[in-house]
Amino acid sequence: MKPAAFAYERPADWPAALALLAAGARPVAGGQSIGPMLNLRVAQPDAVADLRHLPGFAGVAVEGGLCRIGAGTTHAAIEDGAVPGRLGAVLAGVARRIAYRAVRNRGTIGGSLAHADPAADWVAVLPAFPGHAVALGPAGERRIPLDGFVTGIFATALAPDEVLRAIEIPVLPEGTRWGHWKFCRKPGEFSKATACLLAIPGQTPRGALAALDEPPMPIPDATALLADPEAGADALLAPIRGLDPWRRALARTALRRAARMASRMADA
Amino acid sequence: MTRIPLRLTVNGEPAEFLAEPRTHLADILRGELLLTGTHTGCEHGVCGACTVEIDGAPARACIAHAGTCDGATVRTIEGFGGDPVMAALRRAFAAEHALQCGYCTPGMLVTARDIVLRLPDADEARIREELSGNLCRCTGYRGIVRAVTRVLAERRGDDSGPGSGPVPV
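Listed in order, the protein sequences are those of chains A and B. Note that my numbering has the first sequence beginning at 1, numbered continuously upward. Note that my numbering has the second sequence beginning at 269, numbered continuously upward.
Same shape as in the complex, but just chain A (with noise of 0.2 Å):
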């Protein structure tokens, strides 16, 4: 359980860091996903760039009714209420459940969405969300719809020379619904099955399913779902193909749940 010999740089600034990951160097944030893959040899990368310590990482803004979550902010911090509003309280409630406190005060959002583990949970709940990752290469910044930046398991639309250096959300009026199950046997650990429903009024309710050894799957359009959560799951989980049974009935009832969840806010 120790690691492979790796080198260790701590870039003082952005374009210090872009230039290790053109020269191949691992990004590391919190660590608290490459951490352990370091110490399983899964990962043996020949030197990490340490992000964590970059200006502007860390830390939250909302301007012009768009909230901007710097990459490097940890789940705890999103759990105690570093996002105002209601977007807040919604990823709030996502970060609370995300591995354990001791994992959550160092893991961030950007490196956990970066990592693009397909169980992981911001992988799981931002394709639902109207909005954008931000890339910083070195030609600047460029924006990629949350719904298309995880491509694969492990994989994201980053380039190799690129690092995702924030989260743009659009912020959420006070009558947005939201629902969100996510099976685990035990409190901490990988999901088993993922959904997410997110009702914006005014707009088409969208969502996402996860956590299926795939990538997230978007769902675009959430309105069959929201209306009618038994016929509106199996409808959406009947094009998938190769899932064991209790995988799929799983997904089934964090579909459905996910979208009581969204329903019964509407009621409240």
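These aren't lab readings, by the way, just hints derived from the structure by calculation. On a predicted model such as this, the values are computed, not experimentally measured, just so you know. Built from N, CA and C at the ideal position, the CB exists for glycine as well.
Calculated pairs, EDC-like style, for lysine to aspartate or glutamate (alpha carbon to alpha carbon, straight line, at most 20 Å): (1) A:Lys2 <-> B:Glu300; (2) A:Lys192 <-> A:Asp234; (3) A:Lys2 <-> A:Asp46; (4) A:Lys186 <-> B:Glu392; (5) A:Lys186 <-> B:Glu397; (6) A:Lys192 <-> B:Glu397; (7) A:Lys192 <-> A:Glu214; (8) A:Lys2 <-> B:Glu288; (9) A:Lys186 <-> B:Asp391; (10) A:Lys2 <-> B:Asp338.
From the derived model, a few chain B residues whose C-beta atoms are all more than 12 Å from chain A: (11) Thr277; (12) Glu281; (13) Pro282; (14) Phe285; (15) Glu300; (16) Leu302; (17) Pro352; (18) Arg359; (19) Ala363; (20) Gln368; (21) Gly370; (22) Pro388; (23) Ala421; (24) Glu422; (25) Asp426.
Dock chain B against the given chain A, drawing on the hints supplied.
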């Protein structure tokens, strides 16, 4: 392999030494500073035995590698000597049979102290959820949950909780 300079503040004392970047904090604490109260169990961030405070918040020492810790302030189980919350937890762990072999106990205590300070109104379900990142293979958790419940009740001035009763000093 190249070693890098590392500056830490551990239990209030500055410490400077050289370490391979791949060394993790738990091995540094145990091997370099002989602070063997920090235990290593799974060494991949699952069991919680190595939980220490890094910059004031609980964290897994086994997945905090040397370089990332440079400049950090660390508090291990040996560093809570004058802390009244930890003193209350130690008394409650003894009273409630919250430890048997003691392997998980340093990590349990660091986590328990965080629960007591961060979640003063936590009920049993929340305590169990918050303790879920620390594995104990002896007690079945009941004593640990009772001990944390007892300290929370003491701090609320409420002696009617399940952990109430005389506390040996």
